[in-house]
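Knowing the structure of chain H, use the given hints to seat chain G on it.
Chain by chain, the residues:
Protein chains: 2
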Amino acid sequence: MKVIVDAFGGDNAPVEILKGSALAAEELSVQITLVGNKAEIKKAAEENNIDISSMDIVESGSIITAFDSPMTVIKSKQDSSMAVGLSLLADGRGDAFVSAGSTGALVVGGTFIVKRIKGIKRAAIGTLMPSAENPFILLDAGANVECTPEFLNQFAIMGDIYMRQIMNVASPRVGLANIGEEETKGTELYQEAYALMKEANYNFIGNIEARDIPYGKADVVVADGFTGNIILKTYEGAAGALGGMIKAMFKKNALTMLSALLVKSGIDEFKSKMDYKEFGGAPLMGITKPVIKAHGSSDARAFKNAIRQAKMFAEKNVVAEIENNLPIPKSKSNQE
Amino acid sequence: MKVIVDAFGGDNAPVEILKGSALAAEELSVQITLVGNKAEIKKAAEENNIDISSMDIVESGSIITAFDSPMTVIKSKQDSSMAVGLSLLADGRGDAFVSAGSTGALVVGGTFIVKRIKGIKRAAIGTLMPSAENPFILLDAGANVECTPEFLNQFAIMGDIYMRQIMNVASPRVGLANIGEEETKGTELYQEAYALMKEANYNFIGNIEARDIPYGKADVVVADGFTGNIILKTYEGAAGALGGMIKAMFKKNALTMLSALLVKSGIDEFKSKMDYKEFGGAPLMGITKPVIKAHGSSDARAFKNAIRQAKMFAEKNVVAEIENNLPIPKSKSNQE
Chain H
1 MKVIVDAFGG
11 DNAPVEILKG
21 SALAAEELSV
31 QITLVGNKAE
41 IKKAAEENNI
51 DISSMDIVES
61 GSIITAFDSP
71 MTVIKSKQDS
81 SMAVGLSLLA
91 DGRGDAFVSA
101 GSTGALVVGG
111 TFIVKRIKGI
121 KRAAIGTLMP
131 SAENPFILLD
141 AGANVECTPE
151 FLNQFAIMGD
161 IYMRQIMNVA
171 SPRVGLANIG
181 EEETKGTELY
191 QEAYALMKEA
201 NYNFIGNIEA
211 RDIPYGKADV
221 VVADGFTGNI
231 ILKTYEGAAG
241 ALGGMIKAMF
251 KKNALTMLSA
261 LLVKSGIDEF
271 KSKMDYKEFG
281 GAPLMGITKP
291 VIKAHGSSDA
301 RAFKNAIRQA
311 KMFAEKNVVA
321 EIENNLPIPK
331 SKSNQE
Chain G
1 MKVIVDAFGG
11 DNAPVEILKG
21 SALAAEELSV
31 QITLVGNKAE
41 IKKAAEENNI
51 DISSMDIVES
61 GSIITAFDSP
71 MTVIKSKQDS
81 SMAVGLSLLA
91 DGRGDAFVSA
101 GSTGALVVGG
111 TFIVKRIKGI
121 KRAAIGTLMP
131 SAENPFILLD
141 AGANVECTPE
151 FLNQFAIMGD
161 IYMRQIMNVA
171 SPRVGLANIG
181 EEETKGTELY
191 QEAYALMKEA
201 NYNFIGNIEA
211 RDIPYGKADV
221 VVADGFTGNI
231 ILKTYEGAAG
241 ALGGMIKAMF
251 KKNALTMLSA
261 LLVKSGIDEF
271 KSKMDYKEFG
281 GAPLMGITKP
291 VIKAHGSSDA
301 RAFKNAIRQA
311 KMFAEKNVVA
321 EIENNLPIPK
331 SKSNQE
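Each protein sequence line maps, in turn, to chains H and G. When we follow this note's numbering, the leftmost residue of the first sequence carries the number 1, and every step to the right adds one. When we follow this note's numbering, the leftmost residue of the second sequence carries the number 1, and every step to the right adds one.
Next comes chain H alone, as it looks inside the complex (with noise of 0.2 Å):
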């Protein structure tokens, strides 16, 4: 199992993708490609005694930064780490690819440099979220504003897809997020969409109130990458925001302290369930091959958890399952 990794993308880059990387080849027994300026990467090693001697590294030229233009990916920097990295991808040259780096420019570089599953639509950014019973997979998360019904159907089918295949779940119960339980709520695009998933062939269970999905009420939540993201951002929001007003309440004085160190089991374990870094990164749904996005503020440890997501990636074929179970192809190949 050969994992291409950016060196360069997102905000701690690139000592703790580095560290992530060497982490991720010991526990996870991968093989690293290194993309990225090698000179930098070396100094960055050595100066933090990170052991990359098992790591190749492979040479880029610009980085992608988060106030460059998605575009740029297949425009003006074709040379950067991400454009590389992907481009090796594309080539055979490694089983999965993951970076930190803009999410945009992901999604465009996925599409047009590894390419769309044939008839996949769009490609979606599939964000698993925790839940207070298990987690779920949100998508799209934000790698589509505008949206078609047949996208969100899409979404549908790749998610429950990755449900089965990574976690495990027999029959994922696909939600359709929307303003209200009844077939006729939300804009037309969500009235439009919930009349295709009706007709699928995976568990759809209907619109499901963003109320419900904080507790776990489906394992597939389908989106636009507008409303998505809204969803992933008022959650994790509302998670910090709730999680740091507690954290003051124990902090008070020494009975609070005291309180807080009575609790500790369940506040650990709390933590670690709502723990995004926990889940690694979010896959790009509906490419040709395994590409993940970490979290933009990866340390060390989640970037190591994204590393697993695209070893888990590769290892179960996601890929082939959602190749297999388009209905569209199948159809037409029926009909030759």
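Heads up, some of the hints might be wrong.
For identical chains, the list gives no copy identity; a pair is met inside one copy or between any two copies.
[As the list claims (entries may be wrong)] Simulated pairs of lysine-lysine, DSS-like, Cα-Cα distance not exceeding 30 Å: (1) Lys121 with Lys264; (2) Lys2 with Lys316; (3) Lys217 with Lys251; (4) Lys252 with Lys38; (5) Lys316 with Lys115; (6) Lys115 with Lys185; (7) Lys251 with Lys273; (8) Lys38 with Lys273.
No lab work stands behind these hints: they were computed from the structure. Given the structure is predicted, the values throughout are model-derived calculations rather than measurements.
Relative to the frame of chain H, chain G by itself:
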């Protein structure tokens, strides 16, 4: 101050509505006019020892249920407690109207029976929400799933006035809910709304990422009704699910229960900060008279707070302020 009350709206009508009205009559020195089936109201009051002796009762026929289409209120159920109450308000037989009934019907009834303020394109539901800092208003929280940039700009104007008049915020920070801070983020609707809003007279702070909303980084959060409802409910759901997990953590055993005692004041503070019932109802913004939507599951206390909200909305002349601050009619009159 006379507040008209829909005695048959919401999940807990009529008992909790009557109890809440009695509390309001006593604590807030408002005069209450109940609308509903007189015989049932009297029976419920008697059976539950609720003192309604100071209240008028206006007879109505049917009840709008959660299953009725919103248009029912101006069509087949013009004799409903909601429609009759709104007509009383339109006729000047009270200063404000409060209902815990169907949101959709209240929006339609408010718009067509009480009427929109001249120049206002759409009524919006403004929901006051808790944050890690101060409460903020989110609008539209669900009245209009399809919006134009002009609607969003008007929501901003109304929210700004609400926070000034009711919450005493001197210069409310108005943010446009979006998936990124840059002006070019989001759908066409959001990009065009941004362009309009940055020219406006209120204190526009640009796009606010959903992640920052729970931290209280804006006093007014503007969104279309679909997105606003998703934000509201994801936030509610996240707070509920996380609150439940923390509660379970404290209930585990004797030591954790002792721990809960030690942080009791902190927990109480946290609960009261996050308690939507404290905020009372959601005003229907853009209507010529105060119309307040109480939460469907309101108990007596929540309903009393909705009546307090109605009273303040009337006393602080929010409607007149909106009329005076609409930029469109103003510039027209200048040209005359």
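Hints, verified against the model:
no. : hint               : verdict
1   : Lys121 with Lys264 : neither (47 Å within a copy, 53 Å between copies)
2   : Lys2 with Lys316   : within (15 Å within a copy, 67 Å between copies)
3   : Lys217 with Lys251 : between (34 Å within a copy, 24 Å between copies)
4   : Lys252 with Lys38  : neither (49 Å within a copy, 53 Å between copies)
5   : Lys316 with Lys115 : within (20 Å within a copy, 59 Å between copies)
6   : Lys115 with Lys185 : between (35 Å within a copy, 25 Å between copies)
7   : Lys251 with Lys273 : both (22 Å within a copy, 18 Å between copies)
8   : Lys38 with Lys273  : neither (38 Å within a copy, 52 Å between copies)
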